[in-house]
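Using the sequences and the hints given, assemble the complete structure.
Protein chains: 2
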Amino acid sequence: MRLATRANGTPDGELVVVSPDAARCLPAGEKWPSLLAAIGMWSVAEHDLRTLATRLDAGEGEALDHATLRAPLPRSWQWLDGSAFQTHADLMQVAFGTDPIEHDKPLMYQGLSDRFYGPSDPVPFRSEADGIDFEGEFGVIVDAVPMGTCAADAMAHIRLVVQINDWSLRALAVPEMKTGFGWIHAKPACSMAPFAASPDELGDGWQDGRVCLDLVIDWNGERFGAANGREMSFGFHELVAHAAATRDLVAGTIIGSGTVASSDYAHVGSSCISERRAIEIIADGVPSTQFMHFGDVCRMEALSAGGNAVFGAIEQTVRQKL
Amino acid sequence: MRLATRANGTPDGELVVVSPDAARCLPAGEKWPSLLAAIGMWSVAEHDLRTLATRLDAGEGEALDHATLRAPLPRSWQWLDGSAFQTHADLMQVAFGTDPIEHDKPLMYQGLSDRFYGPSDPVPFRSEADGIDFEGEFGVIVDAVPMGTCAADAMAHIRLVVQINDWSLRALAVPEMKTGFGWIHAKPACSMAPFAASPDELGDGWQDGRVCLDLVIDWNGERFGAANGREMSFGFHELVAHAAATRDLVAGTIIGSGTVASSDYAHVGSSCISERRAIEIIADGVPSTQFMHFGDVCRMEALSAGGNAVFGAIEQTVRQKL
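Going down the list, the sequences are from chains A and B.
Using our numbering, the letters of the first sequence correspond one by one to residues 1 to 322.
Using our numbering, the letters of the second sequence correspond one by one to residues 1 to 322.
Derived by calculation from the structure, the hints in this document are not laboratory data.
Ideal Cβ placement from N, Cα and C applies to all residues, glycine included.
One should not assume that every hint holds.
Stated by the list, open to error - To list a few chain A residues with every Cβ distance to chain B over 12 Å, as calculated: (1) Ala58; (2) Glu60; (3) Leu107; (4) Ser120; (5) His185; (6) Ala313.
As the list claims (entries may be wrong) - Simulated restraints on C-beta separations: (7) B:Gln93 to A:Pro20: 55 to 65 Å; (8) A:Ser233 to B:His293: 45 to 55 Å; (9) A:Pro146 to B:Asp21: 38 to 48 Å.
Claimed, not checked - Okay, derived cross-link-like pairs now, EDC-like style, lysine to aspartate or glutamate, Cα gap no bigger than 16 Å in a straight line: (10) B:Lys178 to A:Glu102; (11) B:Lys178 to B:Asp99; (12) A:Lys321 to A:Asp12; (13) A:Lys321 to B:Asp248; (14) B:Lys178 to A:Asp99; (15) A:Lys178 to B:Asp99; (16) A:Lys178 to B:Asp104; (17) B:Lys178 to A:Glu128; (18) B:Lys321 to A:Asp248; (19) B:Lys31 to B:Asp48.
Given below as structure tokens:
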């Protein structure tokens with residue numbers, strides 16, 4: 001089952017169920033006006049939504065206008081982003097010139113959750129000098145998770161999988177990181193691909209709490225990376241359990257994987273510019289790739305072996321904030 | 001004007017305006033069902049709410065049952081907590097055994113905002129071994145603040161002032177801080193005192209974006225501290241501007257001061273246990289005060305020179321999570 005959110009003038013948008021070919025949809029209706037409402041009562045909502053999915057499979061539905069699609073969750077109560085790809089973490093130490101991070105638990109920070117840009121929204125930033133970078137990620141949306149839930153039990157709370165661009169301002173990241181307080185300036189709002197998919201919708205692409213799909217990223221029309229999500233050091237169920245260790249997780253909490261990375265980065269590329277710069281530093285002593293300029297376009301879509309983009313595509317232009 | 005939120009079975013509760021003696025109230029009504037709804041259209045809502053306040057001043061209203069009061073904002077889209085008292089920051093380095101933090105900007109992290117405990121809610125934690133600590137703070141609630149708003153302009157966006165207990169788990173804080181990602185485990189949900197006050201309600205207690213009131217804290221019935229909020233290195237307007245440097249702030253964003261502290265801590269005490277332990281380390285080489293036990297009670301209220309508790313009191317018992 002795949003879900004999307006159509007713009008309807010409300011902050012949370014209108015929840016729709018999407019057909020397998022993404023050409024048609026059925027509105028979830030007044031009972032489930034938004035995904036945020038549905039995830040709060042998922043055990044009831046899922047049944048209703050899957051009934052609509054069955055009707056779509058049978059050919060029902062109205063035409064889906066992709067131009068109206070927002071982030072599946074245009075806002076939520078909590079966004080906790082992990083950094084679960086060790087290859088990325090290792091390369092970021094090179095990029096940032098920082099010491100290795102000592103940790104025996106997943107790395108995770110709390111980020112801005114009151115706004116997720118839709119898949120084709122222009123993204124405003126104040127200055128190119130801030131080091132504008134994309135970060136291709138996967139994420140999961142959970143229903144309510146009680147404090148102390150273990151990883152094995154956390155798996156069942158993963159209700160939907162999403163694809164995220166975690167926009168980052170690299171020039172601001174290291175000073176904030178060195179305070180130990182995490183990031184405020186370096187982490188503005190993220191973007192989401194248009195479709196949230198139930199884990200079963202991913203088929204073999206969902207294994208051991210990992211999204212085993214290539215995250216294909218193009219920057220200004222040129223292939224930048226196609227790392228697969230399978231190399232997470234911790235599965236999403238382990239990230240959920242980590243997040244819930246000392247807090248109840250509110251329904252609608254989004255947990256991120258951190259930048260998708262492959263140990264075979266020489267062949268598949270990277271999912272953020274900063275990581276490519278680290279690879280250049282290792283090879284040449286200095287980075288040669290610059291961060292983004294206003295007007296640049298970043299496109300991301302996760303492809304199955306059959307070429308199906310289960311989450312749809314994010315394709316956005318970076319703009320100067322007016 | 002003072003506002004409160006009564007329990008009514010909804011996640012956001014029912015917004016009421018409170019009489020000067022806190023004995024009466026008038027519901028804000030269907031137009032402004034909750035504070036989160038009102039803060040989203042504050043320029044309109046404020047007029048309506050102040051009209052109710054005038055009627056309360058004239059003696060109207062129904063009896064206010066304090067037992068029904070929740071946090072003024074039982075949940076919000078964003079909670080950004082500063083650490084604006086240098087005395088506290090200096091002492092926490094002693095408590096944590098960490099190096100001084102190099103920074104020329106306010107310190108700030110993003111915390112859990114999907115739940116703020118009410119003033120008399122019991123507060124559940126998993127283990128005493130986590131180092132359960134209270135942190136007495138002040139906070140402000142803003143309406144929508146555009147990205148790039150300067151400190152002078154930010155002042156007008158401060159619509160309400162609140163009093164917060166930022167519960168902390170000290171045994172978990174340092175390892176998280178050393179990752180640079182900020183705190184997930186060490187910062188569970190906070191609590192709020194029952195009344196949110198417009199800045200003018202504080203009179204001389206609101207100066208240069210600072211809450212110049214003594215924050216009186218009792219632990220198990222014994223006076224623990226009464227530090228005044230005036231010694232913030234940055235005013236709240238500067239914290240708001242800092243928060244908004246690279247992001248729009250959603251209406252209802254809560255910005256915290258960090259633990260209220262006084263350079264005269266020898267006489268006025270502290271607003272958290274960890275700070276007292278640091279003072280003991282400086283004096284005796286080792287800390288003698290232990291963190292909280294299940295069943296302990298923490299009471300906090302901010303008193304004016306005349307003895308008025310503008311935000312009301314937080315009085316909560318720490319419990320083991322079942």
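Taking the hints in turn, this is what the structure says about them:
1. Ala58: holds (36 Å)
2. Glu60: Fine: 34 Å to the nearest Cβ keeps Glu60 of chain A off the interface.
3. Leu107: violated (5 Å)
4. Ser120: Non-interface label stands for Ser120 of chain A: nearest chain B Cβ at 19 Å, farther than 12 Å.
5. His185: His185 of chain A not clear of chain B: closest Cβ-Cβ about 5 Å, inside 12 Å.
6. Ala313: holds (25 Å)
7. B:Gln93 to A:Pro20: 55 to 65 Å: Holds - the Cβ-Cβ distance for Gln93 of chain B and Pro20 of chain A, about 57 Å, lies within 55 to 65 Å.
8. A:Ser233 to B:His293: 45 to 55 Å: At 37 Å between Cβs, range violated.
9. A:Pro146 to B:Asp21: 38 to 48 Å: holds (40 Å)
10. B:Lys178 to A:Glu102: holds (8 Å)
11. B:Lys178 to B:Asp99: Between Lys178 of chain B and Asp99 of chain B the Cα gap is close to 11 Å, so the pair holds against 16 Å.
12. A:Lys321 to A:Asp12: violated (23 Å)
13. A:Lys321 to B:Asp248: holds (11 Å)
14. B:Lys178 to A:Asp99: Roughly 11 Å between the alpha carbons, so the hint for Lys178 of chain B and Asp99 of chain A holds.
15. A:Lys178 to B:Asp99: It holds: about 11 Å lies between the C-alpha atoms, which stays within 16 Å.
16. A:Lys178 to B:Asp104: OK: Lys178 of chain A and Asp104 of chain B at ~12 Å, within 16 Å.
17. B:Lys178 to A:Glu128: The given pair, whose Cα atoms are some 29 Å apart, is violated under the 16 Å limit.
18. B:Lys321 to A:Asp248: holds (11 Å)
19. B:Lys31 to B:Asp48: Given that 16 Å is the threshold and the Cα spacing comes to 9 Å, the pair holds.
The structure fails to meet hints 3, 5, 8, 12 and 17 from the earlier list, while all remaining hints are met.
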